[in-house]
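Chains as they are written, first to last, in our numbering: chain A, 1 to 263; chain B, 1 to 134; chain C, 1 to 124.
It is worth saying that the hints were derived from the structure and are not from the lab.
Treat each hint with caution, since some may be false.
[Claimed, not checked] Pairs of lysine-lysine, DSSO-like flavour, derived with a Cα cap of 27 Å:
hint, chain 1, residue 1, chain 2, residue 2
1, A, 122, A, 14
2, B, 107, B, 19
3, B, 19, A, 228
4, A, 122, B, 107
5, B, 95, B, 107
6, B, 19, C, 67
7, B, 95, A, 228
8, A, 134, B, 19
9, A, 14, A, 54
10, A, 134, A, 122
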Amino acid sequence: MSEVPTSEIMERTKTIELRVLRYRPVSDHEPVFQAYQVPYSDDMSVLQVLQSVKDTQDGTLSFRWSCRMAICGSCGMMINGDPRLACNTFVRDLAPNPVTVEPLRNFPIERDLVVTVGDFVKKIESIYPYIIPKTPKSIEAGEYLQTPAQMAAYESFSDCINCMLCYAACPQFGANPDFIGPGAMALLQRYNGDSRDGGQQLRLDSIAGEDGVWSCTAVGVCSDACPKQVDPANAVNQNKTKSALDFFLRFIRPKDQGAGAKS
Amino acid sequence: MSERRPYVRAQPRDWWARKPYLGYTLRELTGVGVVVYGGILLAGLISLARGPEAFEGFRSFLTSPLSLLIHLLLLAVMIWHVVTWFQTMPKTMPKLIANGRHVPQQKLTLAGVGIAAVCSAALIAAFLIAGALP
Amino acid sequence: MTPHPNPRRSMAPIFWLMFGAGGMLSALFGPALIVLTGIMLPFGLGVPGGFGDYSHVLRFAQNPLGKLIVLAVIALFFWHGAERIFLTLKDMRAGALPILRLATYGVAAVLTLVTLALLLEIGF
Chain A
1 MSEVPTSEIM
11 ERTKTIELRV
21 LRYRPVSDHE
31 PVFQAYQVPY
41 SDDMSVLQVL
51 QSVKDTQDGT
61 LSFRWSCRMA
71 ICGSCGMMIN
81 GDPRLACNTF
91 VRDLAPNPVT
101 VEPLRNFPIE
111 RDLVVTVGDF
121 VKKIESIYPY
131 IIPKTPKSIE
141 AGEYLQTPAQ
151 MAAYESFSDC
161 INCMLCYAAC
171 PQFGANPDFI
181 GPGAMALLQR
191 YNGDSRDGGQ
201 QLRLDSIAGE
211 DGVWSCTAVG
221 VCSDACPKQV
231 DPANAVNQNK
241 TKSALDFFLR
251 FIRPKDQGAG
261 AKS
Chain B
1 MSERRPYVRA
11 QPRDWWARKP
21 YLGYTLRELT
31 GVGVVVYGGI
41 LLAGLISLAR
51 GPEAFEGFRS
61 FLTSPLSLLI
71 HLLLLAVMIW
81 HVVTWFQTMP
91 KTMPKLIANG
101 RHVPQQKLTL
111 AGVGIAAVCS
121 AALIAAFLIA
131 GALP
Chain C
1 MTPHPNPRRS
11 MAPIFWLMFG
21 AGGMLSALFG
31 PALIVLTGIM
41 LPFGLGVPGG
51 FGDYSHVLRF
61 AQNPLGKLIV
71 LAVIALFFWH
81 GAERIFLTLK
91 DMRAGALPIL
101 RLATYGVAAV
111 LTLVTLALLL
121 EIGF
């Protein structure tokens, strides 16, 4: 690993070739690769290289970004065929070979590296992403208390930054765009695993269909792609177990529980 | 007037053969080995039901070099099934907490493979013991 | 597309649980079974030659517990493989789903019935 001087801007003495998949809906019939030769220094991320291109070579290049520190989830894209955050991927690890940059796999391309996010948002909204209190309390009655162990039970699932890298990694989402997907399931488990929440049956019913957990075949690459160690594969697959048991146990469940999936 | 014209890239037909999915496909194909072995057992049952001559024919096939080769291949496939099974199984369980820390999935995999080794060893040992009895 | 709030419940759990049972059974005992039936018994290694005899095996298969074991092993191994092969063929887009289901689950169902019929035929 090269030393990064903090007191001065590093001189850009090396050049990397960036091959970016471009797509302009008004003028292009289909996406086409465009190559850029970009000076870089060892401290630069792929995001910074893209910004360098936009600032100095081609202002028409479009891509999403915001925090530059792997917490906003905006800059997800395919870098050398892997779903990665551009701000979290460093040119020094990829150089000197050309770097291929494409928009996130399995999503429609709006323009250049910008993909259509809309359906993902609808999926997140569909799993009741809020605490449905088990025993509601008034504000005067005080806070809901939770032990560290109770928080540890769902904490990793609350780390999701909605970057959609897991959806780009998942081949079953690639085959079935209606699959609820790993990210939405992580959020579901964040709530179902929360000791304050009483909405487990409601959420379980919402993912009991073919487009729910049952599109998953435990490929597992979603968890490999996740930049925040959320482990969405665990969120999906432990709910397969729950959903399968519920399939049979619903016949002995008290009638008033849960909104009920259509049998 | 919207200028949007989202472009959908088709999923490659051979995605299951490319990285990082090939390992997953090979894992799933161990199911073929399980089925083939089940088929051999069924063939034994069929010949058992047909009578002593048919069963002796099945037994003599089992002593052939071809049968030995098939079984060694099936054993390799079955062992790969065992390893990948316990790599996948922890995903289907809620995260375990022991001594206040999350139990890493690799530990569960190791435990599972260990239990499988003990079970298989015990089954073979049972036959060896039964065979040693007068 | 907004996901349906109350989707039609999938039948997948039935096949998934059988896949799981067969997978666990084959993971725990599969290697030993292959070594026993494929190597030790045919070549008489560690077990007396008579163990694999027609009369001995017949007695095992006529025993009710023996029948249960044989049915469980053969049927669950087939159902485990059927689910995996179905999903792999689906991944490979090998054909229309109803045909793939017939070729996998259908065959497993038939072979399960055949096993059951044979076990009953050899009597108690």
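To see whether the hints hold, each was checked on the structure:
no.	hint	in the structure
1	A:122 to A:14	44 Å, violated
2	B:107 to B:19	26 Å, holds
3	B:19 to A:228	22 Å, holds
4	A:122 to B:107	37 Å, violated
5	B:95 to B:107	12 Å, holds
6	B:19 to C:67	44 Å, violated
7	B:95 to A:228	16 Å, holds
8	A:134 to B:19	44 Å, violated
9	A:14 to A:54	18 Å, holds
10	A:134 to A:122	25 Å, holds
Hint check: violations occur at hints 1, 4, 6, 8; the rest are consistent with the structure.
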